[in-house]
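Going down the list, the sequences are from chains A and B. FYI, the numbering for the first sequence is 1 to 74, going by this note's numbering. FYI, the numbering for the second sequence is 1 to 288, going by this note's numbering.
Everything labelled a hint here was simulated from the structure, so no lab data went into it. In this text, a Cβ means the ideal position worked out from N, Cα and C, and glycines have one as well. Some hints could be false.
[Claimed, not checked] Only pairs whose alpha carbons sit at most 30 Å apart, straight line, appear in this in silico DSS-like list of lysine-lysine: (1) LYS259/B / LYS61/A; (2) LYS119/B / LYS61/A; (3) LYS249/B / LYS61/A; (4) LYS216/B / LYS61/A; (5) LYS219/B / LYS259/B; (6) LYS14/A / LYS212/B; (7) LYS42/B / LYS61/A.
[Said to hold, decoys possible] Covered stretches of chain B (in silico footprint by chain A; criterion: 3 or more residues with CB under 8 Å from a CB of chain A, positions within the stretch not fixed): (8) 34-42; (9) 57-70; (10) 245-255.
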Amino acid sequence: MYYVADVNETDCAKYNCKQCVLFCPEPNTLMYHDSRHVAWVNYSRCKGCAICVYVCSDLLKRNCIQMVMVTTGD
Amino acid sequence: MGLEYVRISPGFEKYMPKDYVDLVQYGQFGKQIDVQQLGQFKELVEEHPMCAGCFMAYFVRVFYAALPNPEDTIVIGTAGCARLALSQAAVPFIYGNYGDTNAVASGLKRALSIRFPDKTKDVVVIAGDGGLIDIGFGMTMHSWFRREKFTTIMVDNEVYGNTGGQESGMSPKGVQLKMAPKGKQFDKINAVELAKTAGCVYVAKLSPTNPKRIAKTIKRAILAARHFGPTFIHAYTSCNIEYSIPTEKVLEDARKREKQDFAFYEWMTDEVKEFFEEIEKKTEEVKA
Numbered sequence: 001m002y003y004v005a006d007v008n009e010t011d012c013a014k015y016n017c018k019q020c021v022l023f024c025p026e027p028n029t030l031m032y033h034d035s036r037h038v039a040w041v042n043y044s045r046c047k048g049c050a051i052c053v054y055v056c057s058d059l060l061k062r063n064c065i066q067m068v069m070v071t072t073g074d
Numbered sequence: 001m002g003l004e005y006v007r008i009s010p011g012f013e014k015y016m017p018k019d020y021v022d023l024v025q026y027g028q029f030g031k032q033i034d035v036q037q038l039g040q041f042k043e044l045v046e047e048h049p050m051c052a053g054c055f056m057a058y059f060v061r062v063f064y065a066a067l068p069n070p071e072d073t074i075v076i077g078t079a080g081c082a083r084l085a086l087s088q089a090a091v092p093f094i095y096g097n098y099g100d101t102n103a104v105a106s107g108l109k110r111a112l113s114i115r116f117p118d119k120t121k122d123v124v125v126i127a128g129d130g131g132l133i134d135i136g137f138g139m140t141m142h143s144w145f146r147r148e149k150f151t152t153i154m155v156d157n158e159v160y161g162n163t164g165g166q167e168s169g170m171s172p173k174g175v176q177l178k179m180a181p182k183g184k185q186f187d188k189i190n191a192v193e194l195a196k197t198a199g200c201v202y203v204a205k206l207s208p209t210n211p212k213r214i215a216k217t218i219k220r221a222i223l224a225a226r227h228f229g230p231t232f233i234h235a236y237t238s239c240n241i242e243y244s245i246p247t248e249k250v251l252e253d254a255r256k257r258e259k260q261d262f263a264f265y266e267w268m269t270d271e272v273k274e275f276f277e278e279i280e281k282k283t284e285e286v287k288a
């Protein structure tokens, strides 16, 4: 079990900002969907540092990203 | 390398690893991408073993997105944290011995300019404060004295992060670390002034709080190194483990330090300034 970032897509789609994507330290992890205009997380690569949560909630006050506990299959 | 080596021979697409096919199809080879497009293309750097929330990893990510010609670039690193991510990228990476990165880069740049006189090959050194200013100090300074045409980027985490937290020459005065219990007795070395005195033509100091500005600085440093001489970037990339910064506060810390001693600073010689002004004029003409 470990923490990963999870994007609330309905909230995120209201803004066209992608600031969280620009500040993630992990490559190819927090991605941006071109046509749906939402950020999405590749859970298997997320290390759970929560910098995206700081950007979304503390800096921009948009509260679209939360940390959630996930369990892997193996 | 070169673009012809990156492309997959026709008919071999299905035998290549998925990541590589993605890299060729959706990656940045042969394209001029903007750093604001991060997250919308396949990045050069892949999953790496650096700590969660490490801002050095973030700097390396932006660095690869900012490379003007990734297919014609060689990156040189050394022992330290940055090499963990640098070596996971689709750009040739050379692991120098501790301290000799700039000597290796000097030879490599000279050899490349003899072997490929009609092509532009960029050589970039990325090493930590230990590799460049402590242990590699002599070779770093002498490569600048000799005016070797390559870029040196110091990712300064102000500590020896891999080996348990010893103080480095770049640690701020008075800071207490795990292996420096009495606190550091001396001032932080002023690497930017050293670089200016030693003959660098473009010097910048930054804290990674603005990806667009990081990319612009890196692009400028590489372009100036192609034509004029050595260039140097001093980047603050905090060590959240040794300095006990909670991972979600890493960006906050970078912003705080930017207000204190890592305010964005850029210095270049007059000829380099003219060169960039000319380039900007040309791009504006193309846009108009």
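Evaluation of the provided hints:
no., hint, in the structure
1, LYS259/B / LYS61/A, "22 Å, holds"
2, LYS119/B / LYS61/A, "48 Å, violated"
3, LYS249/B / LYS61/A, "16 Å, holds"
4, LYS216/B / LYS61/A, "28 Å, holds"
5, LYS219/B / LYS259/B, "24 Å, holds"
6, LYS14/A / LYS212/B, "24 Å, holds"
7, LYS42/B / LYS61/A, "29 Å, holds"
8, 34-42, "holds (count 6)"
9, 57-70, "holds (count 4)"
10, 245-255, "holds (count 6)"
Comparing the model with each numbered hint stated earlier shows that hint 2 is the single one that does not hold.
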